[in-house]
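Colleague: Residues per chain, in single letters:
There are 2 protein chains.
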Amino acid sequence: MRIWKKHVDVYEHINKIDDYLRKALTANQPVLNDAINDLLSAGGKRLRPVMVLLSGHFGRYDEKKLIPLSAAVEIMHMATLVHDDIIDESELRRGRPTTRSRWGNQVAVLTGDFLFTKAFSLVTHNVSQKNMHHLSNAIRAICEGEVDQFQSRYTKDISILRYLKRIARKTAALFSLSCQVGASESNCRYETIRCLKKFGHDFGMAFQITDDLLDFNGSRNEMGKPLYTDFAEGIYTLPIIYTLQNKQYGERMESYIGRKDLSEPEIREVGQLVVESGGLDKSKQLALRYLDRCHESLGHLPNNSAKGAMKELVEELIERRY
Amino acid sequence: MRIWKKHVDVYEHINKIDDYLRKALTANQPVLNDAINDLLSAGGKRLRPVMVLLSGHFGRYDEKKLIPLSAAVEIMHMATLVHDDIIDESELRRGRPTTRSRWGNQVAVLTGDFLFTKAFSLVTHNVSQKNMHHLSNAIRAICEGEVDQFQSRYTKDISILRYLKRIARKTAALFSLSCQVGASESNCRYETIRCLKKFGHDFGMAFQITDDLLDFNGSRNEMGKPLYTDFAEGIYTLPIIYTLQNKQYGERMESYIGRKDLSEPEIREVGQLVVESGGLDKSKQLALRYLDRCHESLGHLPNNSAKGAMKELVEELIERRY
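Same order as they appear, the protein sequences are chains C and S.
Letter by letter, the first sequence follows residues 0 to 321 in numbering that gives the first Met the number 0.
Letter by letter, the second sequence follows residues 0 to 321 in numbering that gives the first Met the number 0.
Please keep in mind that the hints were generated in silico from the structure rather than gathered at the bench.
Warning: the hint list may mix true and false statements.
A pair holds if it fits inside one copy or across any two, identical chains being indistinguishable in the list.
Unchecked claim - In silico lysine to any residue, SDA-like type, Cα no more than 20 angstroms apart, as pairs:
no.	residue 1	residue 2
1	Lys155	Arg251
2	Lys283	Pro29
3	Lys246	Asp37
4	Lys164	Asn27
5	Lys164	Asn32
6	Lys64	Gly277
7	Lys164	Tyr10
My request is simple: use the sequences and hints to build the entire structure.
Modeller: Written as structure tokens, this is what we have:
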């Protein structure tokens, strides 16, 4: 990624996060250790911990405090991924077998629990009780968003508002929290914390909308999972909702909603409808609007190398994903 | 239970814990709420939160701090039960359908996660960072113990030492922790905390051994689960290990180890071997030895109504279970 070359400090920070993760994540149980090492070697963009560290640069940056905190945020994210894969019965993530497909649901449940509690014990040392409370709330929001998504599978009970509310909990909450705690633990002014928190929320919203778009226009190799899986599993995301609202295409799309028995050609037709109706484009536009808001929030913040890096993360999301 | 009549304060405390649990455990998601309410109405002995409160009476008892803390411990315990039932694929707990059998593994995973994070956010307000750290460590120990148990199903790789190590993590850790944090948050002296922590450990060990015995001599109605389920699932507990060590019966028992295809009569024969070899009696004796140690620890503590209640809990475990 371009950004790391320009902002060497961030690149170094990611290495520090990874080093810290490797050291922190050891279990007194061989299988747990294997499962965790497998997760660590799968890598990841480490976007959330990077947000923690970048936000910290707007105040008194204290590495000893922020590296464990950012690692804890990443570990919580890893835990939700491991449990998500149980919920979605996923075989692959980032092109590799998931914990559940390799070790079974049982080990996956416990690996996630282990990671959750590890994350909490990492922050108990350094982080204020207020921010720990925010952290737990963010994870609870993720659970609520996930249950909501799971429960409304295959139902027609969908709207843009409900979709946005769901991804706000499922994804944006943790991005927003990452920026908030990074800034707050670095003693930033209230106004700065508020701006960064909003930046994180909008970034998270754009990130999830983009992620949902990739189910319709990504390539299997790039993402490590096949196209149209969300739709086939009854998870109706923004492009589908826009298509349903389209006068010309809505009715045809509706005939595919709620069906668990779709054939390959039918699913491909869904993919075509989403493109032809402009549902995909409208979704992209909404993601771009969230990214505009990100720039707006950054505009209120003082110029520094962290702000530059954040701007590039926003550009990165625009370029890479569309 | 006898104890509550003699020690009215404890009875009141249990009501307070239950009230607090009902108020604290609300989710912004209807299905999560249903699953949680179902867990709450299933009841439970609330032994762990009671240990927190009783231990608190050895120091400066502060209800405002201890009730949320004890509720948090119970919620963590509830979370581990919900996830355990996924791991064991259990249909019933306390005679009622489990969360996973009623709402599916997916909702069960998220209900457990929700509970874990709720518990952490309850304690972030009141509890010292040191004790929060101990709490996370106890939950991690439970995960390690559970993975260990799951991984060694159907294997011959069992010994009394490994069994004791496993139940120490799986069960005794949370009992010990309950006493420790209750005492520590009430500013008890170091020596008192140490004694109570040890009491909790020994009580937890006796509790788990007794629980494992019930798989061989409890009645289905009493416990809400059929006999010999642990053995049939390849979980070899203390009575089995003792029987394996018996010169006369060991060989016959060994022929049943590692087999997933046992018939009803074969499983009943296992039950007989455990009785005839004295494996059941030896296990009871070990449980009693742990309960003796409980009395010993209590002997080092000052006399008060909490100590009386703890003694009765120990007696209760002896009388009710054997």
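Colleague: For every hint, state whether the structure bears it out.
Modeller: Outcome of the hint check:
1. In the homo-oligomer, the alpha carbons of lysine 155 and arginine 251 lie at most 20 angstroms apart inside one protomer (14 angstroms), although the nearest pairing across protomers, at 59 angstroms, exceeds that limit.
2. In the homo-oligomer, the alpha carbons of lysine 283 and proline 29 never lie at most 20 angstroms apart, since the shortest distance is 44 angstroms inside one protomer and 31 angstroms across protomers.
3. In this assembly of identical chains, lysine 246 and aspartate 37 lie within 20 angstroms of each other by CA distance neither inside one copy nor across copies; the values are 48 angstroms within and 44 angstroms between.
4. When the C-alpha separation of lysine 164 and asparagine 27 is checked against a cutoff of 20 angstroms, the pair qualifies only between copies, where the shortest distance is 12 angstroms, while the shortest distance within a copy is 39 angstroms.
5. Taking identical chains as interchangeable, the C-alpha atoms of lysine 164 and asparagine 32 lie at most 20 angstroms apart only when they sit on different chains, with a minimum of 18 angstroms there against 36 angstroms within one chain.
6. For the homomeric pair lysine 64 and glycine 277, neither the shortest alpha-carbon distance inside one copy (47 angstroms) nor that between copies (56 angstroms) is at most 20 angstroms.
7. Neither within a single protomer nor between protomers do lysine 164 and tyrosine 10 lie at most 20 angstroms apart by alpha-carbon distance, with minima of 33 angstroms and 43 angstroms respectively.
Violated hints, in rising order: 2, 3, 6, 7; the structure is consistent with all others.
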